[in-house]
Amino acid sequence: MTISDRPLTAMIGLPDGPPDCAAYGRAGGWQAVRRTLRDMTPDAVIDMVTASKLRGRGGAGFGTGQKWSFVPKDPAATRRKYLIANADEMEPGTFKDRMLLEGNPLQLIEGMIIAGYAIQAGHGVIFLRGEYHLALERLNRAIAEARQVGWLGENILGSGFGFEIHVHASGGRYICGEETALLTALEGRRAQPRSKPPFPQVGGLWGAPSVVNNVETLCNLPHIVTNGAEWFVSLGLGPDSGTKLYGVSGRVRRPGAWELPMGTPLREIVEDHAGGMRDGYRLRALLPGGASTAFLDVGQIDIPMDYGAVEKAGSRLGTGLAILLDDRTCPVGMLHNLEHFFAQESCGWCTPCRDGLPWVERLLNAIENGTGEPEDLDRLHDHARMLGPMGRTFCAHAPGAMAPLASGLKLFREDFDAHIRQRACPLRHAA
Amino acid sequence: MATILIDGRACPARTDENLLQACLEAGADLPYFCWHPDLGSVGACRQCAIKQFSGPDDKTGRIVMACMTQVTDGAILSIDEPQAREFRAGVVEWLMTNHPHDCPVCPEGGECHLQDMTVMTGHDSRRYRFTKRTHRNQDLGPFINHEMNRCIGCYRCVRFYRDYAGGEDLAAFAAHNDLYFGRHEDGALESAFSGNLVEVCPTGVFTDKPFSAVYSRKWDMRGAPSVCAHCAVGCNTIVNARQGTVRRVINRYHEAVNRYFLCDRGRYGHGFTSAPTRLRAPILRQDGIPVPISMATALERFAAMAKDGPIVGIGSTRASLESNFALRCLTGPDRFSTGLTQLEHDLTMQVPALLRATPARNPSLHDMESADAVLVLGEDVCVTAPRLSLALRQTLRRAAFPAADAAKVPHWMDAAVRMLGADAPSPLMVLTPAATDLDPIAATIHRAAPDNLARLGFAIAHRVDNSAPDAPDLSETEIQLADALATALRTAHRPLIVAGLQYANAALIHAAANIATALHATGADAALSLVVPDCNSMGMALTGGIPLDAVRAMARAGHIGTLVVVENDLTRRLDAATLDELLAAVPHLVVIDHIATRLAERADLLLPAASFAESGGTLVNTEGRAQRFLPALTPTMPIQESWRWTQQLTQAATHADAPEWTNLDQIVATIAQEIPALSRIIDAAPDAEYRLDGRRIRSEPARISGRTAVRADISVHDRPLPQSPDTPLSPSMEGAYSPDMPGALMPFYHAPGWNSVQSLNRFQQEIGGPMRGGDAGTRLLDDGIPPETPEWHHDIPTPFTTAPDDLLLLPEPRLFGTEELSALSPPIAARVTPATLRLSTLPAGLQDGGMVSLTLAGEHLTLPVRHDPALPPGIALCPPHLAARAFTTPVRVQLHGDDTP
Amino acid sequence: MSTADAPLPPALRTRITDLAQAEHRPRAASVSALTMVQDHFGWVSDAHLAETASLLGMSPADLDGIATYFNLIFRRPVGRHVILLCDSVSCWIMGRDAVCARLQARLGIRPGETTADGAVTLLPIVCLGHCDHAPAMLVDRTLHGDLNAETAEQLADTLRAPTP
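Protein chains in written order, with UniProt numbering: chain A, 1 to 431; chain B, 1 to 901; chain C, 1 to 164.
Hint data in this document are derived by calculation from the structure and do not stem from the laboratory.
Even for Gly, the Cβ is constructed at its ideal location relative to N, Cα and C.
Accuracy of the hints is not assured; some may be wrong.
[To be verified] Label-pair distances were calculated between CB atoms; the ranges are: (1) 76/C - 720/B: 55 to 61 Å; (2) 153/C - 268/A: 36 to 42 Å; (3) 18/C - 860/B: 29 to 35 Å; (4) 410/A - 76/C: 38 to 44 Å; (5) 130/B - 157/C: 35 to 41 Å; (6) 5/C - 276/B: 42 to 48 Å; (7) 423/B - 141/A: 29 to 35 Å; (8) 111/C - 276/B: 30 to 36 Å; (9) 158/A - 491/B: 36 to 42 Å; (10) 130/B - 196/A: 39 to 45 Å.
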């Protein structure tokens, strides 16, 4: 593979669809897995990925090499371990993994073999959201071909390392994207998150050591191995390394997702790549990385989209795909839509999330529909305060739900007041 | 021991527990829902939030769930910290958004953990102004009401029902706040332990259905400590009564026996106490016509009968030690019968001797839970001793502990432990003729005839210790199985062998004893548990007596003038011809019982006895634990305790040495004196003179209203009860009550702010540990001195052989319907299914469900057959008593196709 | 479309059994098995649920607890076509409510309902990952984006057209 400024998507969008094994090889694929299996020890792979400073692209941004380092070191042949690709892309406003899955499934497979080798896991699982029918078809085809060619199966390239992948199509629940709930789902149970310890790296799927990595994270691996950690670090514009799939949805001229250097300024993403706001619409605020990230005000649009900068601005990089609120869309209505989503997708395990989020949703619904009371705002603040911090609910679902709410209550105070004062939504958003 | 700081107060705490347990043990009021002492922590309800500080300089702290946080030495916590308080109040407020607030019409009201916790958190006004979600309820059968709208989603029901008790037909459905707990469709809950949902549910979703029909608030009922009479496990119970009737039975915690849970037979079996078949007056049969008579007349008539020759007594394994002993005093030991047929008698008498002579431990149920290898040899404990099977089930959870330890997960972290241990090998090996409910979780299952199971048992013992005799002529399969099982047992640290008398097969219990002896000799901490059939089988074994066969011989020889039968329906033990022969040879039959049995119909003199609910007494359970039950009601004269009747009969018969017992303690003392094996039964419970702070323990809660609408036309006041001489409990709310009460005298659980059964935490030395006032009962069989070198049993049976048309019919006891008294309880009766004949191969021309005829225990029967290919060849199964009344022990039968069209 | 009372076809039973055996434990195949049943019958009836449960060695309650937990398993009959109309934030901003309103009017049903002719079921669904083409909806297995009330209505009409 040639060094590219957009390694992840270089082979995506070809006229004939995703590359097959041969085409993938001709374009530079399989180099990395060859190098990994022939020349590198598992620890060397972990070291290289640690040195590359690759951080998880699913939203939490945990160091990938570090995550792997907690896995017991036994060889794959002596202990059952799992490498799981988290392809349960259900964060509202996020459509990056689908691009990678549909566009170049072999890249993910190669990344999984490398990751599997690094942690010495013989079993690979792709946890795919059930609505991604095209991705499922293409993944299954790619896996079958890779198996036939010998990239999957026992003793790959004569290395002694064997690796198999199977795809699990989810029954559909946002919480399955949470890694422990994902494991529970794979075991054929109601997908409730698990307490830690045990961490998945020690006691994951069926109690065996397991690593769950996001699709985009895994897709970076072949390029890191091929081009080296330093190259990967050099791709980033700021403190974070590599490229990232950034995207924009909302009332922009060209909604979409683009592979850009880590740390690309938000303004550049919105104005250059997405073409800026459509005529007649002004940008008011945005969720920088999916539904569970806090609102950024339009005035914060000059920040670079890296983990630290977005956090400093009061939100999270999340998935890196921004949802834009324009001046003709009601922020209370938007919050109501968001909290409806979170309330519906609460797994029902813990009280504050199960029973708190529906209350929030109903308060927002009442305000949006003109039956709000001034004290409703106090109740919303109560929930933001009590559900926001981590550790109070069983998992991060409710804190994620509170991120847009808490920031929205601050940012859109005027709008809330107006709704309650006028007993109606002053800004029925344009259809 | 660690020291933790709770709101500035230094408290001792165990490092193997969580902060919630530590706080509760420190006496703090910390609310919780999903945690349960025997179900562990899962962190679902988020109610036990506290502030934890990282050190003395940390002024901010962070909110943690106490139940999910391990005790560490020096931990600094605050329950009172404002943020923690606010969060806990918030949790209750969230729970209340959908709760219907129907406490006034809810049967849980007044003993509702949700009410208690709501008050505790200070949530007292409603701010949620939207509609509530509503659910449709299900018909869950005769035991349990279902009211899902009250649900607060704590998941305790499914965690108990599925994870703890292995039930399959209750589940959590849907998600978010549509969450629903119920069955896949309407229908009776299948688990033998479904009734525990009543106590496990922190609010009124699952409530006691029979109780609802005779409902009274908790505070309006009297409570008395009792012992379950429906099998030999001896679960401790509390009987709630009001206005002369038993209202319900709930669990009474005993650390070593039943802990937090009862089986459904025990919880719902009490209905016989108010069944229409209860006897209420002495009856004299004159020329075949029953005539009610006075007590005085009854005694006069007996005095007359006594002149007609020797009195012989037949006792009962379902009657108390006292009732049996009083009868023995009437007749003398030589004319006192155990009420058991020869085979049952011999086996029952052997059991205590066997347990004493075997060097292995004789374990309590709680002890069994920590076995790391369990061999169940020829006993379906799931029906003969249900609560014991629940204890065996817990060995699976223990099997997960090594994996949990390796992952540094504390044992109370329930979901994680179960997940990590999902692949842990099961310690259970079940060797029975027919399938049992433990099979799905057993590592090894083997089906064989009882004799062949005994042979396997002997072979296993030999493989553990080759000085034990081996079974000859084993098949290759049997040898392999014996090798594998012996290896599994030998590699265990705490192996347990469980056998019993279900198949009345001496070789089975001998083989079990051999295995336990052999394992003990290897240095393992081996245990042997033998299950006897009835609630006082063990007490009878220790009392001693002659078998029924000897009574028959006496009768035939004309040596019986009057036969006195106490609480024993002989029609269940002797076939009609045998019984007819016996009774024909006896001039007078006197029956003392609390229910109108078939035998009672034939009595010349019938005397109404008090049931367990109206009397005190002592039962010895299958592990040899003597336990006292105390009266919850005062019997209405002329109903009185069997032992009082018998004492009066003795006096009426003008025995020179007629006993002069005026209360239970005196007869207990006499028994202890007369029968060395029972000398320690005095310690089973404090006597009637026991006083706490100089007062009796009250049997009624302080909140009792003492008023009733039921007989308001006469008086609005509940009828006061007289003080019974047999109990240290006062009959009213007057008296003492404290957390330090002896476990044997616990009338109800209540602590300030804790009105539900959860208040039990306040009465324990530590959570899940012994009662602060001491556990109830006393073990009687620990004084055995095993021989220095193993003494082996050698009665190895020959291989079971089958012949065409010749079947060995085994008793197949049912969870519901086999045990005599509980079968009279309406909710239990509703669960009894008709008898069938289970066959491994169907006779030619017969289809599953077809009818077959046979002669069994003197009865000609036509029964539907059920094909069960898993049965060993030559074996058939039929429930005892249900088809042929006197069928109890294995018998050879021949089948005939049904000749009716 | 088969009826809800017909037993699972032998081939489907075999596929479910094979799948269950390939898993570390049979229950891991729960969602996949339910999906297969649904692909065949359109939804999962009580009888099919019970039959599937027995193939997986689970109780009906156990499997139903899973079936009712997930969004994509239908425990009630659906139409020949199922419209899953995204109701998440990007599509909402881009006018999914108007699309929904038009579909409702045209089909004469509310979300969660099926047209009287059994042709179409309309259901809301969480974000379909097609936000750059919002509003989006999934019709059976096909993703449709950049919808407006008119295009959605046309699509609905083709679904209701009698099959040749």
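Hints, verified against the model:
1. Remark: the range hint 55 to 61 Å for residue 76/C to residue 720/B is upheld by a beta-carbon distance near 59 Å.
2. At roughly 38 Å, the beta-carbon separation of residue 153/C and residue 268/A lies within the given 36 to 42 Å, and the hint holds.
3. The hint said 29 to 35 Å for the Cβ distance between residue 18/C and residue 860/B, and at roughly 51 Å that hint is violated.
4. The given range of 38 to 44 Å is respected by residue 410/A and residue 76/C, whose C-beta atoms sit roughly 42 Å from each other.
5. Separation of residue 130/B from residue 157/C is about 38 Å and conforms to the stated range, judged on CB atoms against 35 to 41 Å.
6. For the pair residue 5/C and residue 276/B, the supplied restraint of 42 to 48 Å holds, since their beta-carbon distance comes to about 45 Å.
7. Checked against the hint of 29 to 35 Å, the C-beta distance between residue 423/B and residue 141/A comes to roughly 33 Å, which is consistent with it.
8. Take residue 111/C and residue 276/B: their Cβ atoms lie about 57 Å apart, and the range 30 to 36 Å is violated.
9. The hinted range of 36 to 42 Å is satisfied by residue 158/A and residue 491/B, whose Cβ atoms lie roughly 40 Å apart.
10. In this structure the hint that residue 130/B and residue 196/A lie 39 to 45 Å apart at CB is violated, the actual value being about 35 Å.
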